[in-house]
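Peer 1: Chain B: place on chain A using the hints.
Number of protein chains: 2
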Amino acid sequence: MPDSEGLSSVKGFRYAAVEAGIRYEHRLDLSLIAADFDCVAAGVFTTNKICAAPVRLSRSRINNTIRGIIINATNANACTGEEGFRNAETITRAVADAVGVSPESILAASTGIIGVQLPCEKIVRAIPKLVSSLSPQNGSLLARAIMTTDTVPKEAYRSFTCSRGNFSIAGTAKGAGMIAPNMATLLVFLVTDAPVAKSDLDSVFSRCINKSLNAITIDGDMSTNDTAIILSPAVRDTLSGKDLSLFEEALLDVLCDLAEKLVMDAEGATKLARIIVEGARDDDDARKIARAAANSLLVKTALFGMDPNWGRIACAAGYSGAEVSEERLSIYFGDLCLLRNGVPQNPPREEMIKSMRDRDIRITINAGMGNGTFRFLTSDISYEYVKINAEYST
Amino acid sequence: MPDSEGLSSVKGFRYAAVEAGIRYEHRLDLSLIAADFDCVAAGVFTTNKICAAPVRLSRSRINNTIRGIIINATNANACTGEEGFRNAETITRAVADAVGVSPESILAASTGIIGVQLPCEKIVRAIPKLVSSLSPQNGSLLARAIMTTDTVPKEAYRSFTCSRGNFSIAGTAKGAGMIAPNMATLLVFLVTDAPVAKSDLDSVFSRCINKSLNAITIDGDMSTNDTAIILSPAVRDTLSGKDLSLFEEALLDVLCDLAEKLVMDAEGATKLARIIVEGARDDDDARKIARAAANSLLVKTALFGMDPNWGRIACAAGYSGAEVSEERLSIYFGDLCLLRNGVPQNPPREEMIKSMRDRDIRITINAGMGNGTFRFLTSDISYEYVKINAEYST
Numbered sequence: 001m002p003d004s005e006g007l008s009s010v011k012g013f014r015y016a017a018v019e020a021g022i023r024y025e026h027r028l029d030l031s032l033i034a035a036d037f038d039c040v041a042a043g044v045f046t047t048n049k050i051c052a053a054p055v056r057l058s059r060s061r062i063n064n065t066i067r068g069i070i071i072n073a074t075n076a077n078a079c080t081g082e083e084g085f086r087n088a089e090t091i092t093r094a095v096a097d098a099v100g101v102s103p104e105s106i107l108a109a110s111t112g113i114i115g116v117q118l119p120c121e122k123i124v125r126a127i128p129k130l131v132s133s134l135s136p137q138n139g140s141l142l143a144r145a146i147m148t149t150d151t152v153p154k155e156a157y158r159s160f161t162c163s164r165g166n167f168s169i170a171g172t173a174k175g176a177g178m179i180a181p182n183m184a185t186l187l188v189f190l191v192t193d194a195p196v197a198k199s200d201l202d203s204v205f206s207r208c209i210n211k212s213l214n215a216i217t218i219d220g221d222m223s224t225n226d227t228a229i230i231l232s233p234a235v236r237d238t239l240s241g242k243d244l245s246l247f248e249e250a251l252l253d254v255l256c257d258l259a260e261k262l263v264m265d266a267e268g269a270t271k272l273a274r275i276i277v278e279g280a281r282d283d284d285d286a287r288k289i290a291r292a293a294a295n296s297l298l299v300k301t302a303l304f305g306m307d308p309n310w311g312r313i314a315c316a317a318g319y320s321g322a323e324v325s326e327e328r329l330s331i332y333f334g335d336l337c338l339l340r341n342g343v344p345q346n347p348p349r350e351e352m353i354k355s356m357r358d359r360d361i362r363i364t365i366n367a368g369m370g371n372g373t374f375r376f377l378t379s380d381i382s383y384e385y386v387k388i389n390a391e392y393s394t
Numbered sequence: 395m396p397d398s399e400g401l402s403s404v405k406g407f408r409y410a411a412v413e414a415g416i417r418y419e420h421r422l423d424l425s426l427i428a429a430d431f432d433c434v435a436a437g438v439f440t441t442n443k444i445c446a447a448p449v450r451l452s453r454s455r456i457n458n459t460i461r462g463i464i465i466n467a468t469n470a471n472a473c474t475g476e477e478g479f480r481n482a483e484t485i486t487r488a489v490a491d492a493v494g495v496s497p498e499s500i501l502a503a504s505t506g507i508i509g510v511q512l513p514c515e516k517i518v519r520a521i522p523k524l525v526s527s528l529s530p531q532n533g534s535l536l537a538r539a540i541m542t543t544d545t546v547p548k549e550a551y552r553s554f555t556c557s558r559g560n561f562s563i564a565g566t567a568k569g570a571g572m573i574a575p576n577m578a579t580l581l582v583f584l585v586t587d588a589p590v591a592k593s594d595l596d597s598v599f600s601r602c603i604n605k606s607l608n609a610i611t612i613d614g615d616m617s618t619n620d621t622a623i624i625l626s627p628a629v630r631d632t633l634s635g636k637d638l639s640l641f642e643e644a645l646l647d648v649l650c651d652l653a654e655k656l657v658m659d660a661e662g663a664t665k666l667a668r669i670i671v672e673g674a675r676d677d678d679d680a681r682k683i684a685r686a687a688a689n690s691l692l693v694k695t696a697l698f699g700m701d702p703n704w705g706r707i708a709c710a711a712g713y714s715g716a717e718v719s720e721e722r723l724s725i726y727f728g729d730l731c732l733l734r735n736g737v738p739q740n741p742p743r744e745e746m747i748k749s750m751r752d753r754d755i756r757i758t759i760n761a762g763m764g765n766g767t768f769r770f771l772t773s774d775i776s777y778e779y780v781k782i783n784a785e786y787s788t
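So the sequences go chain by chain: A and B. Okay, so the first sequence: first residue is 1 according to the numbering used here, each after it adds one. Okay, so the second sequence: first residue is 395 according to the numbering used here, each after it adds one.
So here's chain A without its partners, still in its complex pose (with noise of 0.2 angstroms):
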């Protein structure tokens, strides 16, 4: 079952992880990916203006012909001014060199404190053995080093078919509630066989994105170090046509299947809820309404409660800035309608109670206003949510 696997079913790719002490010790904190050849990438970053020196230097390199990525866990390297850009173009370097690659072709990714410099000499002295440690199989220790208040490794995995042959795509992601203690991040990296040529991978990456990653929330804070990264072979003779409608199609699922996994993992959640809103005017507005219900409080707390509280959802659409009318809107628990074009259906109350009690919840609005979709995943707000962020202490 070649779905289930990660990151190292990934021909070109080896990983490695180890414990720098940067923060605690004995724990993997330092992580490498390495491309056997030179790549091009494509990235997607926060637009938090305050953003982490990491996020300036990848940011500036994306262009570049790439060669690997460094993560750190434990120290997010942000609000950390020109020394912190120094540290990660002086850990980059230490990478380059170790790999003998240009410095230039090293992407660099972190998450964990804000506001303390990182133990740059430390983590140049781990680089050696990371460097030393690279292997294809590593791929599921890398998804597991790069954790924070995760609480399973996740990992993607998809292959398809095309006219030039059999090419896979792979993935690991970390979140947990798009906040580690003290403020972090989203973090992913993408791995493909598929050779892309850049300018492709650019619109492709950041469509899939929006589709994916940019339709969840959790607490909808938006991180100083939210990093996404795809790596794909630089050739000449890139995918087109057909065959690129192909790996867009495959890279689409391993990102959906990333931020389904990072939604169930969401700190403290105890639900999955899928926003589906239909009928609205264009797929901007049902986007606005998705989010709107996604990110409410109320709602969140209800699904917490298993409470079928359609109210706070027909409030939540009413705020999105989306048209919706009151005589046209709709909402679903499953299968059963709450509201009919605004008119409250009562079902019966076991049946209410019923459509609340999976750990997986379909909540479809239809917006009666045209043909607009969108599709949101949201987790619950839990007693445990607020434990984890109250809890962890600077």
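Careful, some of the hints might be misleading.
Rough simulated footprint, nothing fancy, chain B against chain A, three-plus residues with beta-carbon under 8 angstroms [to be verified]: (1) 77-86; (2) 111-124; (3) 304-314; (4) 323-334.
Here are the simulated distance ranges between beta carbons [stated by the list, open to error]: (5) B:Gly764 to A:Gln117: 26 to 32 angstroms; (6) A:Pro136 to B:Asp677: 29 to 35 angstroms; (7) A:Pro347 to B:Glu413: 29 to 35 angstroms; (8) B:Arg450 to A:Pro347: 24 to 30 angstroms; (9) A:Glu249 to B:Arg450: 46 to 52 angstroms; (10) A:Arg357 to B:Gln511: 24 to 30 angstroms; (11) B:Glu721 to A:Ser206: 27 to 33 angstroms; (12) B:Val546 to A:Asn63: 56 to 62 angstroms; (13) A:Ser206 to B:Gln511: 47 to 53 angstroms; (14) A:Val152 to B:Arg734: 36 to 42 angstroms; (15) B:Asp677 to A:Ser133: 52 to 58 angstroms; (16) A:Gln345 to B:Asp491: 34 to 40 angstroms; (17) B:Asp752 to A:Glu249: 52 to 58 angstroms; (18) B:Asp754 to A:Arg59: 38 to 44 angstroms.
Keep in mind that the hints were calculated from the coordinates and are not lab data. Everything numeric in this text was worked out from a predicted model, so none of it was measured. Glycine included, every Cβ here is placed at the ideal spot set by N, Cα and C.
Peer 2: For chain B alone, kept in the frame of chain A given last:
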């Protein structure tokens, strides 16, 4: 001490509240404010596109000569279609008949469950008793009758002296999280014996609301029923110039007092945080930064956990949409500087913890970009908040 007084201290207004059995027995649920004279009114209503019948009715009458406001708790009369609107009309007509004024001079407000028709006959039957119990002394009774999950009734009062004599302004508010069971409502009612022209009242009221009720956040949701109304005697000789400024000052005081009481009584709250933004590019940017920090779930859980987590605040400033720049940003908890021009200050841990211990916490964000300022009040998110909002069942 006149400033500790409330609605009953303003000459010319009478109040009543009775148990009409709207949703529960033995609960004050129907209230009336009646003016002894014709009034002008100003109103600020929810901008939610799904809005309750009483909001639609009051909005359509707000420019009329006004004689009273009928208010019910426990049922929002929202998502109730045309029948809901006709019910609101019927109820205001019954009030007008009993008082002996025009139906068009009665406003309405509701709070409570969404999607259930009002028991209109029951309410109409209760109106004679309601009207016959009108008394200037019942101000505090009314403040209690409009509560939902509020734990204390809220009133505020100011008097001021101007060239035309002594005047007073009083108000009451209910909120408790901008949310009562099943998605409710901020309701605010103010009365004054100061004569203010309709056009002045509109602009003064809207300015004051923006600096008070629109500068607080508890859970960021916007209800279908939010309503704030002020009544002032309709006379020819109204306040102007300096006298009008004194009125505006007193009104802002009353509204800020109510806003603070609302946040203090937020569902499950253990903290009141004053988010003070200074040095933003302009006041609009200052508001964006203050609102982002005040709405951030991560900031709110950190407040609950008494964690001086300035990183979460810097992050919120970064995604607020305002112009911010890491190397100009400073953050203070009380008088303690945690970040100065982008450089973490690392004060002694004891002092940091001490800065979070009080119920009332002051957080100052200086953007270093200009002279824009704005203040926002917010509360924390506690276990109790999740409990209140998860356990309420439709």
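Peer 1: For each hint, tell me whether it holds in the structure or not.
Peer 2: Going down the list of hints, with the structure as the test:
1. 77-86: holds (count 3)
2. 111-124: holds (count 4)
3. 304-314: holds (count 9)
4. 323-334: With 6 residues closer than 8 angstroms to chain B, the region 323-334 of chain A meets the three-residue bar; holds.
5. B:Gly764 to A:Gln117: 26 to 32 angstroms: holds, 30 angstroms
6. A:Pro136 to B:Asp677: 29 to 35 angstroms: violated, 57 angstroms
7. A:Pro347 to B:Glu413: 29 to 35 angstroms: holds, 31 angstroms
8. B:Arg450 to A:Pro347: 24 to 30 angstroms: For Pro347 of chain A against Arg450 of chain B, whose Cβ atoms are near 27 angstroms apart, the range 24 to 30 angstroms holds.
9. A:Glu249 to B:Arg450: 46 to 52 angstroms: holds, 47 angstroms
10. A:Arg357 to B:Gln511: 24 to 30 angstroms: Distance hint for Arg357 of chain A, Gln511 of chain B holds at roughly 29 angstroms.
11. B:Glu721 to A:Ser206: 27 to 33 angstroms: holds, 29 angstroms
12. B:Val546 to A:Asn63: 56 to 62 angstroms: Since the Cβ atoms of Val546 of chain B and Asn63 of chain A sit about 60 angstroms apart, the hinted range of 56 to 62 angstroms holds.
13. A:Ser206 to B:Gln511: 47 to 53 angstroms: holds, 48 angstroms
14. A:Val152 to B:Arg734: 36 to 42 angstroms: For Arg734 of chain B against Val152 of chain A, whose Cβ atoms are near 40 angstroms apart, the range 36 to 42 angstroms holds.
15. B:Asp677 to A:Ser133: 52 to 58 angstroms: This hint holds: roughly 55 angstroms between Cβ atoms.
16. A:Gln345 to B:Asp491: 34 to 40 angstroms: holds, 35 angstroms
17. B:Asp752 to A:Glu249: 52 to 58 angstroms: The hinted range 52 to 58 angstroms holds for Asp752 of chain B and Glu249 of chain A, with Cβ atoms some 56 angstroms apart.
18. B:Asp754 to A:Arg59: 38 to 44 angstroms: holds, 41 angstroms
Hint compliance for this structure: hint 6 alone is broken.
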